[in-house]
Amino acid sequence: MMERVMFLSTIMIIIQIFGNYHNYEINDMGIVMDPEKAIIIENLTKLYGEHIGVKNLNLSVDKSEIMGFLGPNGSGKTTTIRSSLALISKTAGKITIFGLDSHKDAVAIRKKTGYLPGDFGLIPSVKVKSYLKYLLSLSNYPSTKKMTSLAERLELELDRKTNELSKGNKQKVGIIQALMVDQDLIIMDEPTSGLDPLMQQEFYRVLREEQKQGKTIFMASHNLAEVEKVCDRVAIIRRGRLEVVEKIQALQEKTGKVLEVEFSDPVSVDEFQIKGVSEIQVDNGKLTLTIHENLDGVIEAVSRHQILNMNLRTYSLEQLFLKYYTEENRERGDAR
Numbered sequence: 055m056m057e058r059v060m061f062l063s064t065i066m067i068i069i070q071i072f073g074n075y076h077n078y079e080i081n082d083m084g085i086v087m088d089p090e091k092a093i094i095i096e097n098l099t100k101l102y103g104e105h106i107g108v109k110n111l112n113l114s115v116d117k118s119e120i121m122g123f124l125g126p127n128g129s130g131k132t133t134t135i136r137s138s139l140a141l142i143s144k145t146a147g148k149i150t151i152f153g154l155d156s157h158k159d160a161v162a163i164r165k166k167t168g169y170l171p172g173d174f175g176l177i178p179s180v181k182v183k184s185y186l187k188y189l190l191s192l193s194n195y196p197s198t199k200k201m202t203s204l205a206e207r208l209e210l211e212l213d214r215k216t217n218e219l220s221k222g223n224k225q226k227v228g229i230i231q232a233l234m235v236d237q238d239l240i241i242m243d244e245p246t247s248g249l250d251p252l253m254q255q256e257f258y259r260v261l262r263e264e265q266k267q268g269k270t271i272f273m274a275s276h277n278l279a280e281v282e283k284v285c286d287r288v289a290i291i292r293r294g295r296l297e298v299v300e301k302i303q304a305l306q307e308k309t310g311k312v313l314e315v316e317f318s319d320p321v322s323v324d325e326f327q328i329k330g331v332s333e334i335q336v337d338n339g340k341l342t343l344t345i346h347e348n349l350d351g352v353i354e355a356v357s358r359h360q361i362l363n364m365n366l367r368t369y370s371l372e373q374l375f376l377k378y379y380t381e382e383n384r385e386r387g388d389a390r
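Its first residue numbered 55, the sequence shown is counted upward by one per residue in the working numbering.
Worth flagging that the hints you see were computed from the coordinates, not collected in a lab.
Here a beta-carbon is modelled for each residue, glycine too, at the ideal position from N, C-alpha and C.
One thing to keep in mind: the hints can contain errors.
As the list claims (entries may be wrong) - Derived EDC-like pairs: lysine to aspartate or glutamate, alpha-carbon spacing no greater than 16 Å straight-line:
#1 K308 to E297
#2 K109 to E297
#3 K266 to D116
To be verified - Taking CB as the label site, the calculated pair distances span:
#4 E90 to S322: 47 to 53 Å
#5 D116 to A279: 19 to 25 Å
#6 S203 to S318: 53 to 59 Å
#7 D286 to P320: 40 to 46 Å
#8 Y102 to I353: 48 to 54 Å
#9 S184 to A279: 32 to 38 Å
#10 N97 to K187: 40 to 46 Å
#11 G248 to S318: 44 to 50 Å
#12 E218 to K158: 40 to 46 Å
#13 P320 to N110: 47 to 53 Å
#14 P89 to I361: 52 to 58 Å
Hey, can you work out the whole structure from these sequences and the hints?
Here you go:
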């Protein structure tokens with residue numbers, strides 16, 4: 055007992071010296087935790103033989119945020135999620151969820167987590183309502199109020215049998231089972247797969263409502279527009295390695311702004327070889343370039359010509375994503 059007290063005291067002294075004491079807590083297992091973080095992933099590595107699932111991945115998710123985990127199929131998104139929920143064993147690294155160890159405390163974590171897997175399956179030939187009530191009984195959560203409300207909003211018929219459902223309606227069942235118990239963390243892998251655009255919009259509204267109630271949402275997706283619309287931050291993973299973690303707006307600002315100008319007279323690329331400018335293209339009198347700095351210099355160069363039309367915009371998430379994946383098609387095959 056005395057050794058444990060001395061250990062914890064030493065930890066607190068280190069925190070006081072190197073950081074803000076008030077930003078950390080120690081749980082019952084003696085694990086130092088940041089109370090603002092829902093998920094902390096440290097140096098996660100998962101190998102499938104010689105193939106890399108994820109490699110030295112470091113990522114944290116704040117409480118009450120919607121984090122988008124972006125990457126194409128095979129980039130390591132599902133591996134990261136399954137490792138976090140102890141559905142597969144990790145090769146190396148440490149994961150804590152609400153201060154609990156992802157493997158040692160897997161049962162306690164699952165009680166706090168609603169989960170929609172990417173390969174969600176249903177028991178065949180049972181009514182949807184019976185299936186969802188069965189899942190509620192496993193969670194010791196007696197109320198069906200939220201289940202019914204979500205079914206109405208997503209236009210899912212609860213009296214239909216599971217084998218009669220379309221792909222989109224099966225996905226709705228998966229979404230409802232992940233949300234119908236009031237849990238602190240919601241993890242979803244490709245949640246809108248199979249949903250039509252109207253249902254996608256309703257799903258986004260549901261997620262924002264969950265966030266307002268203090269829920270943390272970690273959502274893996276390859277749907278760029280989806281992540282851009284609903285997420286606070288985005289983590290982009292490529293071939294099992296994390297490329298960037300940033301607020302979407304900040305990521306757009308860091309990448310620069312795109313200027314598109316249509317001229318009435320011919321222009322050349324050389325005229326716009328200016329400091330702070332990149333990706334200059336001229337096509338049939340239309341200039342496109344990226345401005346990182348020196349906007350005044352660009353305006354001066356543009357003003358030498360007669361302008362027909364001009365547009366200044368930020369990069370879309372799709373354009374940002376493609377910057378990280380320009381070589382993806384040539385380098386496939388070593389991440390799952």
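Here is what the structure says about each hint:
Using a Cα cut-off of 16 Å, the hinted pair K308 and E297 holds, with the two alpha carbons roughly 14 Å apart. Between the alpha carbons of K109 and E297 the distance comes to roughly 11 Å, so the proposed pair stays at or under 16 Å and holds. For the proposed pair K266 and D116, the alpha carbon gap of about 14 Å is at most 16 Å, so the pair holds. Look at E90 against S322: about 52 Å separates their beta carbons, and that is inside 47 to 53 Å.
The given range of 19 to 25 Å is respected by D116 and A279, whose C-beta atoms sit roughly 23 Å from each other. The supplied range of 53 to 59 Å is met by S203 and S318, whose beta-carbon atoms lie about 58 Å from each other. For D286 and P320, the hinted distance range of 40 to 46 Å is satisfied, since their beta carbons lie about 45 Å from each other. Take Y102 and I353: their Cβ atoms lie about 53 Å apart, and the range 48 to 54 Å holds.
With their beta carbons about 35 Å apart, S184 and A279 fall inside the hinted range of 32 to 38 Å. At about 41 Å, the beta-carbon gap between N97 and K187 stays in the expected band of 40 to 46 Å. At about 48 Å, the CB distance of G248 to S318 agrees with the hint of 44 to 50 Å. Between E218 and K158 the C-beta distance comes to about 42 Å, which sits within the given range of 40 to 46 Å.
For the hinted restraint 47 to 53 Å between P320 and N110, the CB-CB distance of approximately 50 Å keeps it satisfied. Restraint check, P89 to I361: a C-beta distance of roughly 53 Å satisfies the suggested window 52 to 58 Å.
Checked against the numbered hints above, the structure violates none of them.
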